[in-house]
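S.K.: Since chain A is already given, all that's left is putting chain B on it; use the hints.
Going down the list, the protein sequences come from chains A and B.
Numbering-wise (this note's numbering), the first sequence opens with residue 1 and increments by one.
Numbering-wise (this note's numbering), the second sequence opens with residue 1001 and increments by one.
You may find that some hints are simply not true.
What the hints assert, rightly or not - Here are the simulated SDA-like pairs of lysine to any residue, each with C-alpha atoms no more than 25 Å apart in a straight line:
(1) 1049(B) - 56(A)
(2) 1049(B) - 33(A)
(3) 1052(B) - 61(A)
(4) 52(A) - 1036(B)
(5) 339(A) - 1341(B)
(6) 114(A) - 496(A)
(7) 1172(B) - 68(A)
(8) 334(A) - 1068(B)
(9) 1049(B) - 75(A)
(10) 1038(B) - 69(A)
(11) 334(A) - 1059(B)
(12) 1038(B) - 52(A)
(13) 33(A) - 1078(B)
(14) 1310(B) - 79(A)
(15) 121(A) - 1149(B)
(16) 121(A) - 1079(B)
(17) 52(A) - 1341(B)
(18) 1121(B) - 69(A)
(19) 1334(B) - 68(A)
(20) 1038(B) - 125(A)
(21) 52(A) - 1079(B)
(22) 1052(B) - 63(A)
(23) 1038(B) - 163(A)
(24) 115(A) - 1036(B)
(25) 52(A) - 1310(B)
(26) 310(A) - 1163(B)
(27) 1121(B) - 79(A)
(28) 310(A) - 1036(B)
These are calculated hints, taken from the structure and not from any lab test.
For reference, the chains in residue letters:
Protein chains: 2
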Amino acid sequence: MGGHDKAKRGIPPKSEFSSWYPAIVEIADLVDKRYPIKGMDVWRPYGWKAMKNIDSLTHSEMTRTNHEEVNFPLLIPEDLLDKENKLVAKLKAARELGIDPSEMRYDEEVEGFKKEVYWVKHAGENELDIPMFLRPTSETAMYTLFPLWIRSHTDLPLKIYQIVNTFRYETKQTRSFIRVREIHFFEAHTAHTDEDSATEQINEDLEIVGNIMSDLKLPVIISKRPVWDTFPGAWYTIAIDVIMPNGRTLQVASCHHYRDQWAEAFDITYEDGDGVKRNCHQTTYGMSERLLGAVVGTHGDDHGLIFPPKIAPIQIVIMPVAAHKNPIVTDAAKQVSEKLSQAGFRTYIDDRDLRPGQKYYDWEIKGVPLRLEIGPRDMDKGTAFAARRTGGKAPIPLDDIVSAVTNELIEIEKELEIRSNHMMSNSIKSLESIDEQIEDGIIYHVPFDGNDSDAELLEKTTGLTILGDSIETYETEMSCIISGKMTKRKQHLARMY
Amino acid sequence: MGGHDKAKRGIPPKSEFSSWYPAIVEIADLVDKRYPIKGMDVWRPYGWKAMKNIDSLTHSEMTRTNHEEVNFPLLIPEDLLDKENKLVAKLKAARELGIDPSEMRYDEEVEGFKKEVYWVKHAGENELDIPMFLRPTSETAMYTLFPLWIRSHTDLPLKIYQIVNTFRYETKQTRSFIRVREIHFFEAHTAHTDEDSATEQINEDLEIVGNIMSDLKLPVIISKRPVWDTFPGAWYTIAIDVIMPNGRTLQVASCHHYRDQWAEAFDITYEDGDGVKRNCHQTTYGMSERLLGAVVGTHGDDHGLIFPPKIAPIQIVIMPVAAHKNPIVTDAAKQVSEKLSQAGFRTYIDDRDLRPGQKYYDWEIKGVPLRLEIGPRDMDKGTAFAARRTGGKAPIPLDDIVSAVTNELIEIEKELEIRSNHMMSNSIKSLESIDEQIEDGIIYHVPFDGNDSDAELLEKTTGLTILGDSIETYETEMSCIISGKMTKRKQHLARMY
Chain A
1 MGGHDKAKRG
11 IPPKSEFSSW
21 YPAIVEIADL
31 VDKRYPIKGM
41 DVWRPYGWKA
51 MKNIDSLTHS
61 EMTRTNHEEV
71 NFPLLIPEDL
81 LDKENKLVAK
91 LKAARELGID
101 PSEMRYDEEV
111 EGFKKEVYWV
121 KHAGENELDI
131 PMFLRPTSET
141 AMYTLFPLWI
151 RSHTDLPLKI
161 YQIVNTFRYE
171 TKQTRSFIRV
181 REIHFFEAHT
191 AHTDEDSATE
201 QINEDLEIVG
211 NIMSDLKLPV
221 IISKRPVWDT
231 FPGAWYTIAI
241 DVIMPNGRTL
251 QVASCHHYRD
261 QWAEAFDITY
271 EDGDGVKRNC
281 HQTTYGMSER
291 LLGAVVGTHG
301 DDHGLIFPPK
311 IAPIQIVIMP
321 VAAHKNPIVT
331 DAAKQVSEKL
341 SQAGFRTYID
351 DRDLRPGQKY
361 YDWEIKGVPL
371 RLEIGPRDMD
381 KGTAFAARRT
391 GGKAPIPLDD
401 IVSAVTNELI
411 EIEKELEIRS
421 NHMMSNSIKS
431 LESIDEQIED
441 GIIYHVPFDG
451 NDSDAELLEK
461 TTGLTILGDS
471 IETYETEMSC
481 IISGKMTKRK
491 QHLARMY
Chain B
1001 MGGHDKAKRG
1011 IPPKSEFSSW
1021 YPAIVEIADL
1031 VDKRYPIKGM
1041 DVWRPYGWKA
1051 MKNIDSLTHS
1061 EMTRTNHEEV
1071 NFPLLIPEDL
1081 LDKENKLVAK
1091 LKAARELGID
1101 PSEMRYDEEV
1111 EGFKKEVYWV
1121 KHAGENELDI
1131 PMFLRPTSET
1141 AMYTLFPLWI
1151 RSHTDLPLKI
1161 YQIVNTFRYE
1171 TKQTRSFIRV
1181 REIHFFEAHT
1191 AHTDEDSATE
1201 QINEDLEIVG
1211 NIMSDLKLPV
1221 IISKRPVWDT
1231 FPGAWYTIAI
1241 DVIMPNGRTL
1251 QVASCHHYRD
1261 QWAEAFDITY
1271 EDGDGVKRNC
1281 HQTTYGMSER
1291 LLGAVVGTHG
1301 DDHGLIFPPK
1311 IAPIQIVIMP
1321 VAAHKNPIVT
1331 DAAKQVSEKL
1341 SQAGFRTYID
1351 DRDLRPGQKY
1361 YDWEIKGVPL
1371 RLEIGPRDMD
1381 KGTAFAARRT
1391 GGKAPIPLDD
1401 IVSAVTNELI
1411 EIEKELEIRS
1421 NHMMSNSIKS
1431 LESIDEQIED
1441 GIIYHVPFDG
1451 NDSDAELLEK
1461 TTGLTILGDS
1471 IETYETEMSC
1481 IISGKMTKRK
1491 QHLARMY
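If we strip away everything but chain A, and leave its shape as in the complex, we get (with noise of 0.2 Å):
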């Protein structure tokens, strides 16, 4: 599919990074950006094979937690947005009355929700009574069906979840994976007898990020979103940012916790074990593609991607060397393929006929963690040659070859881990007085519990946004940087996606 010709373009250094990402993620074949919409790209064969690769991970985990997969539609008629415009307007009283602060922002949110999405007025030649829009996200489709699906506390939990594609009429740069208009995306669902219920699910949602984010081995910080970043509705809103290799953070995962709101604007109800009717506590968890932008950026080198070997789409590539003169070569690379296929592993046989040099170099490109080297010299020792693309190569047995590859791709997994705690213990600083000098591509942990007017001073003067609150607990008291206050808060300062 026209790969080689590109494989042998130049790929920019790492440290490059704004030229890197966009240049590897089509070098390394996931992507073509060349259709004819911006942000919209085509998922390549490899591409796609990771991205359902990071969704198996997904799966399991939903599965494993009870979970149940469903499908919504994708458009959602305007009308229906009546009952979040109720919210709002309940959100407004409650502001009026000095209520609660974290429901400040949400009738501006509503408002710019509406302008980024995607609207569907007209079908075939007519124009539609009632507008509908591509779903950005499915609160609004999910919860008008609710109140159909949940009458007594024995419906109770109802978790759901769906990987779908989502729109964004994303008017800023778009960059593949990290800021799309077409989003592959997954949307956990969730509602509960109360809050504590609740705030158990956004734990295990927690439990679950922490699995996903050690197989992909990302360097992630969590924060509790400030008020005025909190997801519009929310009671709060916990964020995972992934720390990329020029020092901004990446949003690829967040969880909500809506206590009742969206319940009441919704009339989701549940009768009690005394028959009194209340509103359900609800959270919602969510995913995207951006997983696989955060695996790009993070792990990739100056020669292409690095694959965690959970993920892989070729976990191992098999060269039979210098085939063409020992056919025994080509016979021995099959049984090896078959023995690790048999074992779960993904593999490929490369037997084409080019210089080993050249395939090495295509296969650094699609960053596959483990590279089998079998020769005649190898075979008459018993062994065959694995080189990993984090680094390394040795013999290893071929009589023993699944437990030598199992070992071969731990060991890797080891490395990728312990480069993402140095990426994190690299990047992360403690900020100390609002006067030091911020560093390029560098995160601050600052002690700070001031108000809005505090924040916005902090901002401005770092230059940074806030990431929100550490949900470490800090035993010692603090001053704040800026309103001196002794506290135990700490909050993430960064340069965001």
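M.R.: Below, chain B without anything else, positioned relative to chain A:
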């Protein structure tokens, strides 16, 4: 999820198919039709699992035949249709010269197509410069990129596929899975060096269809569609129709041989071994959620669904009997479930505190192929009691449960196949004379080799639609039922969905 109260609603008898079908898809929790857009149902977990199991069969076949999975954007800019318009113009010219009648209706089709799509002309608060439409199918999107992917004969054959949501602004009455406005769709697209290689692809497609139909145990007729029912821009179309219980046929799959007509319009060329530039020959192959509609319609009965084992979301429901008095029974149920899961079966333990009759009733509705009852008496004898959804009950040995269950499911498949064959032989008759009385719910096999007006006469007289030429070869010549001329061609005539 509110399923049980619905399950208590009565199911219409299957003999009243037009009431039974729309009722059972909701009663069995496949979909929820209460989403506020006509023809856009919500897939509930049980229905979505069944659909994904069908998709798994498709993925396996695609992998076996070296198709690669891609994912194209949903939105297609209107100006890409210019190339299709060029194709239209060419075909019009051909028609004026009287060259190929198979191309007669293409311009009308393109006009028709524009009447059937959803348009996106607005995003946020902007009117778009170039309107876009939601894909009804992806020829236009894909063939825009094919010229970038295909350079040389070594890039061929190119075989790709995707499983995505497609859209059709359906003005006829909608029916779950059968006629919907958001369609869960499979489409394979291939490009080849020449006509023969494309023809081989069509044969491979028919082999794939055969395998899938065999797994689903559906009664199918394969026809080469008449000229006026050929897909726009195709040389010929082969369609796979399922015989539904009311005798109407439902097109569930189709394969199109394009020759080089689209390649000409989209400049899809390659350099052959001698460096000569040539047009590609192309094919497509499509299937959709109609496969699930056909499964529901074909196999269900007065008591509910019957899922073919290969795609049943739950293959075996295990019921501990009198478990509250005998905890050992629950343990045994768990052990059996675990053994079966490890062997790759999809199982579910129903330990609800309900009368067995109520439980039977629920699982019959959901079409679970096999029910295993494990009670204290059976356990004493070392057996479980196996009840097939297709009828018949017998004890099976607990200590050899995996092979016993394997055998039960094979027997159920055999029974479904017998029923399917029975359906076929009961539904198809030969029509010898145009004066014969047409029976309701019958598909006719007709010797026919007339021109367009003969065809019109045949359809008008019988009140049926010509499905097309049988793809079987007949040795005996018969006289065409309209024109009287001797012919080996036989056509299928039916009422179509």
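S.K.: Of the hints stated earlier, which fail here?
M.R.: Numbers 2, 4, 7, 12, 14, 15, 18, 21, 28 - these are the hints that the structure violates, sorted from lowest upward.
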